[in-house]
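Visitor: So you can see what is in the structure, the chains are spelled out below.
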Amino acid sequence: DAEITQSPRHKITETGRQVTLACHQTWNHNNMFWYRQDLGHGLRLIHYSYGVQDTNKGEVSDGYSVSRSNTEDLPLTLESAASSQTSVYFCASSAGSLGTEAFFGQGTRLTVV
Amino acid sequence: AQTVTQSQPEMSVQEAETVTLSCTYDTSESDYYLFWYKQPPSRQMILVIRQEAYKQQNATENRFSVNFQKAAKSFSLKISDSQLGDAAMYFCAYNAGNMLTFGGGTRLMVKP
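Going line by line, the protein sequences match chains H and R. Just so we're aligned: the first sequence equals residues 1 to 113 in this note's numbering. Just so we're aligned: the second sequence equals residues 1001 to 1112 in this note's numbering.
Please note that the accuracy of each hint is not assured.
Some chain H residues close to chain R (C-beta under 10 angstroms, calculated; not the full set) [as the list claims (entries may be wrong)]:
hint, residue
1, A2
2, N28
3, G40
4, L43
5, G58
6, V60
7, Y64
8, T86
9, G96
10, A102
11, F103
Source of the hints: derived by calculation from the structure; they are not laboratory data. All values derive from a computational prediction rather than experimental measurement. The beta-carbon is built from N, C-alpha and C at its ideal position, and this holds for glycine as well.
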């Protein structure tokens, strides 16, 4: 079965360190997204990609970057982790047509100390 | 920019009763979709129901139904015969194009 997986599931890192969260999907979807979930804010869009070599900034992109070198993967990098980036991060993918379902990974809980 | 608002941070319902979760949104688009996602404690995001803006008929999926009021930009979720397994965070989401915009979520508690 097709799926979307994130790794790691949990991570603790120190302020100032570079951190990369992995996202891999086997749906062969063109669209991939990174969201962060914080209490009271729902899910907010960090970055997204509509295909290989395409990346775009979302609502809360400062301090984050992504790259899309193939269809399956969209890693999210925190350049210099800050305590404000402590959150649960979700990766999602979709086929791209209006109204199609987005499929989500299990989330990564990141704690910056 | 599109915004989605869920005004009820928490709701509770007695098992077997009916509960309605509210959602309003702001958009200038004419063609869009609206979704309700469920997030149980496992953190998995599960699609509950979707509604196309051009369809006047309210979507229904078993015990879940929506009340879609396009002019009022309102999209509420009704859960009938609530079950303990319905306890979760519920997110309303808007889609016009390729991405989803989410509301802040409503935590639903189900009392036995």
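Visitor: Going by Cβ atoms only, is H/G96 closer than 10 angstroms to chain R?
Guide: 6 angstroms, holds
Visitor: Closer than 10 angstroms between Cβ atoms is the bar; does H/Y64 clear it against chain R? Give me holds or violated.
Guide: 16 angstroms, violated
Visitor: Verify the interface restraint on H/A102: the C-beta must sit less than 10 angstroms from at least one C-beta of chain R.
Guide: It holds, given that the least Cβ distance between H/A102 and chain R is near 6 angstroms, below 10 angstroms.
Visitor: Hint check: is the beta carbon of H/G40 less than 10 angstroms from a beta carbon of chain R?
Guide: 5 angstroms, holds
Visitor: Taking 10 angstroms as the limit, does the beta-carbon of H/T86 come near enough to a beta-carbon in chain R?
Guide: With Cβ-Cβ at 16 angstroms, over 10 angstroms, it is violated.
Visitor: With 10 angstroms as the cut and Cβ atoms as the points, is H/V60 at the interface with chain R?
Guide: 12 angstroms, violated
Visitor: Against chain R, run the beta carbon of H/A2 and see if the smallest gap drops under 10 angstroms.
Guide: Given a least distance of 15 angstroms, the restraint on H/A2 is violated.
Visitor: Identify whether the interface hint at H/F103 stands, where standing means a beta carbon of chain R within less than 10 angstroms of its own.
Guide: Holds, about 8 angstroms.
Visitor: Do the numbers back the hint for H/G58, that is, is its least Cβ distance to chain R under 10 angstroms?
Guide: 8 angstroms, holds
Visitor: Is the interface hint satisfied for H/L43? The criterion is a beta-carbon contact with chain R at less than 10 angstroms.
Guide: 4 angstroms, holds
Visitor: Close enough to count: is the Cβ of H/N28 nearer than 10 angstroms to one in chain R?
Guide: Violated. Min distance 16 angstroms.
In this structure, the earlier hints numbered 1, 2, 6, 7 and 8 are contradicted, and the remaining ones agree with it.
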